[in-house]
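Chain by chain, the residues:
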Amino acid sequence: MSESVAERHTADASAKKIGLPTIIIGIFFLIVLIAALIIRLPMPVLISDLLRRFGMNGLLVLAMVPSIQSGTGPNFALPIGIVCGLLTIVSGIEFGLVGIWLILFACIAGTALAIAAGYLYGKLLNSIKGAEMMIATYTGFSIVALMSLVWLMVPFASKKMGWLMGTGLRETIQLDAVGADSIINKFLMFTIFGIKVPTGLLLVFFVFCILMWLFFKTKTGIAIMAGGINPRYAQASGLNTDKYRIIANIISTVLAALGIILFSQSYGYAQLYLAPLNMAFPAVAAILIGGATASRASVSNVIIGVFLFQGLLTTSMPVANQLFIGTDLSEIIRMVIQNGIILYALTQVKGVAKQ
Amino acid sequence: MVNNLLTMKNITKEYFGNKVLNNINLEIAKGEIHALIGENGAGKSTLMNILFGMPVISSTGGYQGTIEIAGEPVHINTPHAAMAHGIGMVHQEFMLIPGFTITENIKLNREITKENIVSRIFGKQYESLDINKMNADARTALDKMEMGIEEFTLVAGLPVGHMQFIEIAREIDKTGLKILVFDEPTAVLTESETQNLLSAIKKLATSGIGIIFISHRLDEIMQVSDRVTILRDGELVVTMNTKDTNTHEIAQLMIGRKVSFERNETKNRTLSNDTMLKLKNFVVRMPGEDVKGVDLEVKKGEIVGIGGLAGQGKLGIANGIMGIYPAKGEVLFEGKPLKMNDPKGSITAGLGFVSEDRRGIGLLLESSIELNTVFTCMQIKNSFLKRVGPIKFKDTKKIRAHTKRMIKELDIRCTSSEQRVGSLSGGNQQKVCLARALTQEPKLLLVSEPTRGIDVGAKRLVLDHMKKLNEEQGITIVMTSSELAELRSICDRIAIICDGKVEGILPPDASDADFGLMMSGSKRTNTEQGAIHNV
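As given, the protein sequences belong to chains A and B, one line each in that order. Heads up: the first sequence begins at 5 in the numbering used here, then just goes up one per residue. Heads up: the second sequence begins at 6 in the numbering used here, then just goes up one per residue.
Honestly, the hints are just simulated from the structure, not real lab data. Model, not experiment: these values are computed from the prediction. Misleading hints may appear alongside valid ones.
Straight-line distance between alpha carbons at most 35 Å, and here's what the computed DSBU-like set of lysine-lysine pairs gives [as the list claims (entries may be wrong)]:
#1 A:K133 - B:K397
#2 A:K200 - A:K127
#3 B:K397 - A:K223
#4 B:K297 - B:K129
#5 B:K305 - A:K133
#6 B:K304 - B:K333
#7 B:K283 - A:K247
#8 B:K386 - A:K221
#9 B:K386 - B:K344
#10 B:K473 - A:K127
#11 B:K409 - A:K221
#12 B:K341 - A:K247
#13 B:K349 - A:K127
#14 B:K413 - B:K403
#15 B:K297 - A:K223
#16 B:K391 - B:K333
#17 A:K221 - B:K402
#18 A:K127 - B:K413
#19 B:K386 - B:K304
#20 B:K413 - A:K221
#21 B:K297 - B:K179
#22 B:K119 - B:K24
So here's chain A without its partners, still in its complex pose:
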């Protein structure tokens, strides 16, 4: 029995190394790119757009790494961290902060808030072992609904955020009004061959990637990983696996909070209410496209995944609009790819939950 299991393990591992989703999406991306060349779309614009979206989505995808590595699966409860980030942005605006001070405040306060939220969320996950992904999804949904009430009822007075009449915050809050629009993107930004390179944005993303990579070389990082791969092994080695699952989910939640701040400043708007509802899904899809599984993920999976997924979205939209004039096909393609990839990945889930 044991030998055939070993063979299957080896076969699985080699199949994962190549990564079926990565290949499929990679080929698809190439085809769309060629199509874009044929119909003479302005390449510099496309690439600028790709770089920007790559950077602004990066942290949200990176947030998947610790939760997957710890064995709790992809963090479908990403909205928890996201609302923490959004809450601190709007609080900062209410306090009258502008520009880089607003972003800094949001990052620091957001981190603090996300640590607390991540801790509670980790506790929750430890009490429902085996059903993490399902519970995570609905926890994310619930928190969004709860926060919708908060956005409506929060007694903020800032004119920049309120409705024309009545109380509550607007659905989208423009950040250029507070001087925070693309403030990180513009740091050291330069243009080459007509391509705008958002240096600051990419720098932030890569710094976090390096930090994450380093983290999994530390004692704690290794313990999280071992607990994720084989919890019984970790327990037999005297580790408190529950503790490491909580740490991992705190990190994930903090990254989600920082990720939405980075996202919002690049986008130019802080989107409240139902906007965070489906933000976990593209992030999960991206890391899975990058070759991660529901139980193993690495920083390289994040970089490859975000690049391919966002690349495909940015290029397919104008291409589809050119080819099928008058339809909104690109959005449909996005939904098909995103949900198809998640579905594929979930069918591949094994081991983690069952143990």
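With chain A fixed as given, assemble chain B onto it according to the hints.
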């Protein structure tokens, strides 16, 4: 013998080129109780699986040889066919539905039905149950067993002894039952329940049913069986009349003289009188390997073996000490009490563990040899780390040097220290487990089934290395193994576990018969029985 109910001729079965049964002949006469006995892995279950046409047999290439029932050659390839031929089986684990009554359980899928209006229109599927007839049938079956219990009682909550009888009643109720197989029926019964069962079995046999009785309790076999067949390593050792033999002889034949590992006498052993580890009334709840109150003492510098049949609790001891399965009782390590259910505490105290569940809790299969070797030590003892401010990074250089040394020392065959453990052979994986335990520099090493699933050459190496560790570094070793030959080759004393307790402690050169008797739990009754038969 004439009038054989069942004849199995020249049965040979291979699993992937590995012969597990070789030319087995078995004959069951009418009304005979035929005992089938052998150690774990001797081939009893495989033989019964063949008789029952279990899918596991046909899916692994079938078997060779012929089966005849009442003189007619038959080919049994599904359990359904086996039942049609009148073969019944009483399982060790009860296959009963707790929420059903006794009658419903007995008649499950063989319900007696009567017509009603709906069934006349929609067909037989919709006929209603003839409860009265069913109850009457169940009553007859229960009466045959002399069971006074009401047939409409729910199965849930009945004592296990009763459940066993209901299983038997279900088999009896099947019309045309010719052969009934009991697979270790007394394993879960109390003594008085066992006696009831045995007399019921005898009664059944007198009604002309052939009975195959599988058990490792020799005294029961002596008590009920007419003939006994002994299997060992897939070979038929002997079939003989029970009255011509005794437990002593059966035990000896069952253990036999296997290709044993040479025992080299040793030099420079530092055996001291200091107690290293002491277990007092130690209880472990490990499913399938429950430990029910073990007292054991291990001296410093000793190699102690723990042996016994599967499911008797020998594996639970080490797992309990390491805190992997819930345990209670008293464990003194170097005179200090060890906290129960605390793996970290056990590791810090200086206990190393090589688990029998190599792939489950012994290794991170997808990770490198390096990580597997140092993981526990890094996490518990903070070694192999370098500090950068408050952050502790792994010290790859140190880890690699250490792992390379271990690879050399234990002769782990690999392409590099970064190779994935999952891609190593079983023997080399076992060595990685050993390397991990040794990296912790344990004072006492608990090793469970160190040679499970590895080839003979590798077995020798692993055993030799443990001996070397003991001699050169003075590490005390407690080795748990199902293979007696292995224990006898390196241990100073061997504790035999039976029914969750220490049945006895034997020196490695004790006779096969002594080991056999202890493993089957018949030591206590041995003297009287032996006396009777030797007269």
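For this session: Quickly compare the C-alpha distance for K283 of chain B and K247 of chain A to 35 Å and report which way the hint goes.
Result: holds (32 Å)
For this session: Quickly compare the C-alpha distance for K200 of chain A and K127 of chain A to 35 Å and report which way the hint goes.
Result: violated (43 Å)
Exercise. Straight-line Cα separation of K297 of chain B and K129 of chain B no greater than 35 Å?
Worked result: Distance ~52 Å between K297 of chain B and K129 of chain B Cα, so the pair is violated.
Exercise. For the pair supplied as a hint, K349 of chain B and K127 of chain A, is the alpha-carbon distance within the 35 Å limit?
Worked result: holds (22 Å)
Exercise. Quick one, are K221 of chain A and K402 of chain B close enough, alpha carbons at most 35 Å?
Worked result: Given pair K221 of chain A, K402 of chain B holds - Cα atoms ~13 Å apart, limit 35 Å.
Exercise. Between K297 of chain B and K179 of chain B, does the CA-CA distance stay at or below 35 Å?
Worked result: Outside the cut-off at roughly 38 Å; violated.
For this session: Compare the distance between the alpha carbons of K386 of chain B and K304 of chain B with 35 Å, and conclude whether the hinted pair is satisfied.
Result: Within the cut-off at roughly 26 Å; holds.
Exercise. K297 of chain B and K223 of chain A: Cα distance at most 35 Å?
Worked result: Cα-Cα ~38 Å, so violated.
Exercise. Is it true that the CA of K409 of chain B sits at most 35 Å from the CA of K221 of chain A?
Worked result: OK: K409 of chain B and K221 of chain A at ~20 Å, within 35 Å.
Problem set entry | Satisfaction of hint between K247 of chain A and K341 of chain B, Cα-Cα up to 35 Å | Measuring from Cα to Cα gives roughly 28 Å; hence the hint holds.
Exercise. Taking only the CA atoms, is the gap from K413 of chain B to K403 of chain B under or equal to 35 Å?
Worked result: With Cα atoms ~16 Å apart, K413 of chain B and K403 of chain B stay inside 35 Å; holds.
Exercise. Quick one, are K473 of chain B and K127 of chain A close enough, alpha carbons at most 35 Å?
Worked result: The hint is violated at about 47 Å.
Comparing the model with each numbered hint stated earlier shows that hints 2, 4, 5, 10, 15, 16, 18, 21 and 22 do not hold.
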